[in-house]
Amino acid sequence: MANNGKITLEIFRYHPETDSEPRYQSYEVPYNEDWVVLDAINWIKDHIDGTVTHRWSCRMGVCGSCGMMVNGEPKLTCAAFLKDYHPRAVKVEPLVNFPVERDLVVAMDGFMDKLDAVKPYIIRDDVNDTSEGEYRQSPAELARYKQFSMCINCMLCYAACPVVGHEEEFLGPAALALGHRYNKDSRDEGQSERMEVMLSDEAMWGCTFVGECSVVCPKHVDPAGAIQQAKAMGAQEYFKGFVMPRGAGE
Amino acid sequence: MSGQYHRPHRWAWWTERPGYMRFMVRELTSVFMAGYLVVFVMTLASVGGGEAAFAEWIAALGTPAWMAAHVVALIAAVWHAVTFFGAVPQAMPVFLGERRLPGPVAQIVMGYGPWLTVSAVIVWWVVR
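Sequence lines, in order, name chains W and Z. Taking numbering that gives the first Met the number 0, the leading residue of the first sequence gets 0, the next gets one more, and so forth. Taking numbering that gives the first Met the number 0, the leading residue of the second sequence gets 0, the next gets one more, and so forth.
By construction, these hints were calculated from the structure, which means they are not laboratory data. Cβ coordinates follow ideal geometry from the N, Cα and C atoms, glycine included. Relax, there's no trap hidden among the hints.
Far from chain W, some chain Z residues (derived; all Cβ distances over 12 angstroms):
1) VAL38
2) PHE39
3) VAL40
4) THR42
5) LEU43
6) GLY47
7) GLY48
8) ALA51
9) TRP65
10) MET66
11) GLY112
12) TRP114
13) LEU115
14) VAL122
Partner residues aside, some chain Z positions facing chain W, computed with beta carbon under 7 angstroms:
15) GLY2
16) GLN3
17) TYR4
18) HIS5
19) TRP12
20) GLY18
21) PHE22
22) GLN89
23) ALA90
24) GLY96
25) GLU97
Chain Z extracted, bound-state conformation (with noise of 0.2 angstroms):
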C-alpha cells in the first residue's frame, strides 16, 4: 500500500538499549582475542628465529606498555569466555524427562565443566 511511513535508518542503534550496548562490548571483545592470536604467532615465529629471538620477544613482551595490553586482552577474553558460557543454557538446553536443567546446572554441564576438563588435560600433559 502507498502512504506507509518508513522510519529512517538508526545508524547509532546501538546506543537506544543497554542489551545492545552489551552486544557490541562483547563483539569488541573479539578483536583483543585476534589481536592476541597474532602476538601468539609472532611469538612461534620468533621461536623459529633461535634461542636469542626467542628472549628477545618475551622481553619486549615484558614492557609496561605490553604488560597494559596483555591485561586488556586478558579481561576482553574472561569477558568473552564468562558471556559465552552465559548463552550456553539458551543454546543447548539439557532435558532430564520432562525437566529443563536450571540455567546455572547447564553452564557447568555444558560449558564449565567439559572445559575445566579438556583444560585440566591439557595441563597434565604438559606438565607430566
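Just chain W, with the same shape it has in the complex (with noise of 0.2 angstroms):
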C-alpha cells in the first residue's frame, strides 16, 4: 500500500537565537506505510521547513545518530515505523535527560566525556609489534563481551535512565557497560585503571537497577547488565583486598 492520507507530526522547537522556551509545530506529512519517523522528519525539511534540525546519518539502525524521544519513548527515529502510530499524530522531541542544542539536537559533549572517561579501548602493558602478530582470543572468550561491543552509542538509554536525570555527573549505562566490556575483554590489561573511574560515587554504584535503559536498547546490549556485573566485580575486588592486598586488582 502507498500513500493512504496523511500523518500529523508535533515537533518540537527550540532556536536559541529566538526562543527563551520550546515550542511545538505541527506538520501534516503523507503517510506512507513503508516510512519510519525520520523519513518524515526528512519530507517535512524538504518540503514544508528547511530549519526544522535534526541529526540523522545511516538511515538502518547502525549509526546511533537520530535517536529521539517519539510520544515520550526513546527510539531510532529510523526503526519507528509510522504505521505503529498512524493515525494518531507522533510527537517527536530532542532526547530527555541532555540539554537541548536546537529543535531534536541535543548537546553530546557530556556523554562523550563519560564515554572518554572509562578508556573504551584495549590497554596492554606491552603492546606488541605488528609483525609478532594478533592478540588471540578464543570464541568462548569472545561470548563474554560480545553483546556489550554491539553499542552504537546512540544515548537511548541515557534518555531511559532516571538517575541520569538526576545526576548529571553519573557515568550512565552505556559508558559503564562500555567499561565493562573492556574489562571483560581477554585481550585487556587495564582493568585496574578503568575501575578507578567505574568504582568512583558517580559511577556504577549509582546505578539502582531500573532497568530501563535494557529495555529501550536498540541492540540488545543490556547495559544493566553489565553494571550489575562489574559491581559484582568491584565487590570482588574489594574483598580480594582483603585477602590479598597486594594482590588485588591485578
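Make the complex out of the two chains shown on their own, each in a separate frame, by following the hints.
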C-alpha cells in the first residue's frame, strides 16, 4: 500500500537565538506505511520547513545518530515506523536528560566525556609489534563481552535512565557497559585503571537497577546487566583487597 | 555553549513508564521487609521476657489486623524475592564455553537452586 492520507507530526522546536522556551509545531506529511519517523522528518525539512534541525546519518540502525523521543519513548527514528502510530499524531522531541542545542538536536559533550573517562579501548602493559601477529582470543572468551560491544552510542539508554536525569555527573549506562566490555576482554590489561573511574561515587554504585536502559536499547546490549556484573566484579576486588592486599586488582 | 535549553526537573518521573513504576513498587517492598525484621526482633525480645511475655506477643500477632499485615508482608516478600531471582541471569550470567545459559535455567542454577538447597538444609537442621 502506498500513500494513504496524511499523518501529523508534532515537533519540538527550540532556536536559541529567538526562543527562550521551546514550542511545538505541527506538520502534516503524507502517510506511507513503509516510512519511518525519520523519513517523515526529512520530508518536512525538504518540503515544508527547512529550519527543522535534526541529526541523522545511516538510516539503518547502525550510526546511532537519530535517537529522539517518539511519543515519549526513546527511539531510533530510523526504526520507528509510522504505521505503528497512524492514524494518531506522532510527537517528536529531543532525547530527555540532555541539554537541547536546537530543535531535535541535543548536546553530546557530557556523554562523550563520560565515554572517554572509562577508557573504552584495549589497554596493554606491553604492546606487541604488529609483526608478532594479533592477540589471540577464543570464541568462548569473545562470548563474555560480545553483547556489550554492540553499543552504537545512540544515547537512548541515557534518556531512559532516571538516575541520569537526577545526577548530571552519573557516568550512565552506555559508558559503564563499555567499560565493562573492555574489562571482560581477555586481551585487555587495563581493568585496574578503568575501575578507578567505574568505582567512583558517580559511577556504577549510582545505578539503582531500574533496568529501563536495557529495555530501550535497540542493539540488545543490556547495559543494566553489564553494570550489575561490574558491581559484582568491583565487590570481588574489594574483598580480595582484604585477603590478598598486594594482589588486588591485578 | 550558552543558549542550550535545559528541561525542568521531572519530580513525577516514576509515573512516566511502567518500568519505573515496577521499580518503585519493588523498592517499596523493602519497607515491608524492614518492618517485618522489626517484628522479628520484637519476637526475640519477647522470648527474653519469659514464657508468658512470649505467649502474649504471639497471641497479639494472631489478631485480624496483624494477620492482614502478615499477608501484605508475605506478598511483598514474595514479589521482592521473585524479582530478585528474575534479575539473577542479568547480574550473574553463566557460560558453558561459548554458550550462555538461557535466563530461566540461569535463574535455577544461580538463584532458586542454591536458595532451595540452603532452605532444605535449615529445615533438616531444625526438625531433625
